[in-house]
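*Asks:* Read off the chains here:
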Amino acid sequence: MAQTLVINGNHAAAYGAKLSKVQFISAYPITPQTVIVERLAQMVEIGELNAKFIRVESEHSALAACIGAASTGLRAFTATSSHGLAYMHEMVIWASGARLPIVMPVVTRAFAPPWSIWDEHTDILLERDTGWIVFMAENNQEVLDTIIQAYRIAENENVLLPVMIGMDAFILSHTTTPVEIPDQELVDNFLAQESKRSFILDPNNPITHGSLTYPEWYMEFRYLLYKAMTDAKSVIKDAANQWAKLTGKYHGDLIDCYKCTDADVNMITIGSPSGDAKEAADILRAEGYKTGVIRLRVIRPFPSEELRQAAHNSKVLIVVDRNLSPGIGGILLNEVKGVFQTMKKQPLVHGFIAGLGGRDITLQNFISMFKRGYEILEKDEEPGIEWINLRREVL
Amino acid sequence: MTSIREIPREEYLLPGTAACPGCGFTIGLRMALKALGPKVIMVVPAGCTSIIQSPYPYVSIGVPLLNIAFAAAASTASGIAAALEYKGDKETTVLVWAGDGGTADIGIQALSGAAERGDDFIYVCYDNEAYMNTGIQRSGATPFGAWTTTTWTGKREFKKDVPMIMAAHRIPYVATASIAYPIDFYDKLKKAKTYRGLKYLHLHAPCPPGWKIPTDKTVEIAKLAVETGLWPLYEIENGEFRLTGISKMLLDKKRRKPVEQYIKVQGRFSSMTDDDIKILQKWVDEQWETYAQLAKTK
Ligand code: SF4
Chain A
1187 MAQTLVINGN
1197 HAAAYGAKLS
1207 KVQFISAYPI
1217 TPQTVIVERL
1227 AQMVEIGELN
1237 AKFIRVESEH
1247 SALAACIGAA
1257 STGLRAFTAT
1267 SSHGLAYMHE
1277 MVIWASGARL
1287 PIVMPVVTRA
1297 FAPPWSIWDE
1307 HTDILLERDT
1317 GWIVFMAENN
1327 QEVLDTIIQA
1337 YRIAENENVL
1347 LPVMIGMDAF
1357 ILSHTTTPVE
1367 IPDQELVDNF
1377 LAQESKRSFI
1387 LDPNNPITHG
1397 SLTYPEWYME
1407 FRYLLYKAMT
1417 DAKSVIKDAA
1427 NQWAKLTGKY
1437 HGDLIDCYKC
1447 TDADVNMITI
1457 GSPSGDAKEA
1467 ADILRAEGYK
1477 TGVIRLRVIR
1487 PFPSEELRQA
1497 AHNSKVLIVV
1507 DRNLSPGIGG
1517 ILLNEVKGVF
1527 QTMKKQPLVH
1537 GFIAGLGGRD
1547 ITLQNFISMF
1557 KRGYEILEKD
1567 EEPGIEWINL
1577 RREVL
Chain B
398 MTSIREIPRE
408 EYLLPGTAAC
418 PGCGFTIGLR
428 MALKALGPKV
438 IMVVPAGCTS
448 IIQSPYPYVS
458 IGVPLLNIAF
468 AAAASTASGI
478 AAALEYKGDK
488 ETTVLVWAGD
498 GGTADIGIQA
508 LSGAAERGDD
518 FIYVCYDNEA
528 YMNTGIQRSG
538 ATPFGAWTTT
548 TWTGKREFKK
558 DVPMIMAAHR
568 IPYVATASIA
578 YPIDFYDKLK
588 KAKTYRGLKY
598 LHLHAPCPPG
608 WKIPTDKTVE
618 IAKLAVETGL
628 WPLYEIENGE
638 FRLTGISKML
648 LDKKRRKPVE
658 QYIKVQGRFS
668 SMTDDDIKIL
678 QKWVDEQWET
688 YAQLAKTK
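Listed in order, the protein sequences are those of chains A and B. Per my numbering, residue 1187 is the first one in the first sequence, and the count goes up by one each step. Per my numbering, residue 398 is the first one in the second sequence, and the count goes up by one each step.
In short, the hints are calculated from the structure, not lab data. One or more hints might be untrue.
Stated by the list, open to error - Below, in silico cross-link-like pairs of lysine to any residue (SDA-like), each with a Cα-Cα straight-line distance of 20 Å or less: (1) B/K431 to A/D1388; (2) B/K645 to B/T591; (3) B/K484 to A/N1390; (4) A/K1445 to A/R1471; (5) B/K487 to A/N1391.
Kindly produce the complete structure, drawing on both the sequences and the hints.
*Replies:* Printed below as a string of structure tokens:
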């Protein structure tokens, strides 16, 4: 029987890996990710999980070791955050180019300098063009559920791409909430599909992988990766629906539409702040505003179609970016704008930069951001970018 | 010592590689695969081997081979070795085949980590003493006095002693080798295979374009490196240091040829002055005092 435990997001991630019966784990410590692999190390050492666990000397090596193990056909897992992710960036690109179904939670965290160990989404968003499927979880239950779904997606023979699952530093990683742990048997069945890999290193069938490839061939490899990303959409939807059927847990597929279809003002969010955004939408609905939230559960493949469908009636879209691309603004704002570019009747898209380096984004902030949406509409203002909770007095 | 007749006839380095004429390390690679093949998985970081294995869709190496990024060879091998252990495969050897840049410089962190953990694979550094594949830039293994495209007037620092760094990790087996002594290399690989843990072999391998030497002089010049004492052949087995092959005789200074003989035949050393050669000779002689100590203390 499924049991409910009160655990933090890091434990939920570790349970997700355990239930997925990962066979290989490599890890290098980085706050606030460490607990994920500490728990897994313990599970392996006390014999709860039959996997090889290697304690490497850097994040670059952690993912390289996963690439090695996955190349021999094993189900591989690691986890990281912030500078660790940036340090492994080269191997992030290698893993997807090699089409290896590795799964990796990323505890999203700000970059230095100045040092910050707190929440921000810039780290994971910087990896969006690497060829990984990128999820952002809203809560601890979703962290666990998505890791299991991720293996089913990654190992699908039409996909064969690695998956990272973003989870907000401390807000998810260190906050305990009730999480339902599904039965092992259920997970085994869910992941029972035959995994056909793109290649396996095997002396009985020698192949060379990753050779130098001249311009006459390279583009086709990239096209196949692009196509796999596109094909992944239906596989992601199928995984979400099947999981819902088995467990009753549904977190959305590529997007999570919260009262979004009839909303005049929709807020676009990712990760844990979405919970507050939804609450703000409810409060405002009670006051007669037609507000909704579209949470992007998946950032790659980008849910362009899904977003267009969900928001085609919206008059204003408010994009909340807990990230910064200096010189242009919020990363999501620009991605979202691109999606609506081709529509005749376009919603106004207004962006907020909020919560960098763990700065609080309060419920009140979400309410004001929604209200700004109405103001822009009523006053026929040009949409733009605003910073929330910026302490201008110290600048 | 294995006799030449006992070397397997099977070839795993297939005809038609994209190596330059006279390439030194391909001689070594051919031997390595004979010694370890066919139950081998090879890991290759960026370097000349990325080219000589032939571009897609051609293949010139008859064992499974995974290309990987420059800094990641040892850690990738760690992952493969652990995976083989998980699968209960005790037969397959994991072989990293990396250049000196990938070993002495960018890859040393991962190599050191794997050594400390005792991960089970053989790491061979083929040392052509510069970043040859990117057009001859200096590496940590480039010798004193050598011209490269980033040391136009000759490198002023001495070669990084990677085999001794690896020995300091107390791994079970460390050896140096030269492509001029292929059977010595073959035997060392065979021996390395009998140990569990990380085994490190450092193979000296001339490169005609990088060293500015004629393509038919590769072996001759590799031999001179050993005969002058610039490249000693030794092994460190479970901490025990032992000179091998002709290097055993070279503890006697008089039997070592002057380094000048090695320097003068290579275009890369053309900017070395007589004083530079003296500095190098002194450095070599001092190195040998260390080897004498090590050989005695066993
Ligand atoms: S550049 Fe030198 S080491 Fe590289 S393939 Fe050519 S000869 Fe061999």
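*Asks:* Please list, smallest to largest, the hint numbers that this structure does not respect.
*Replies:* 2
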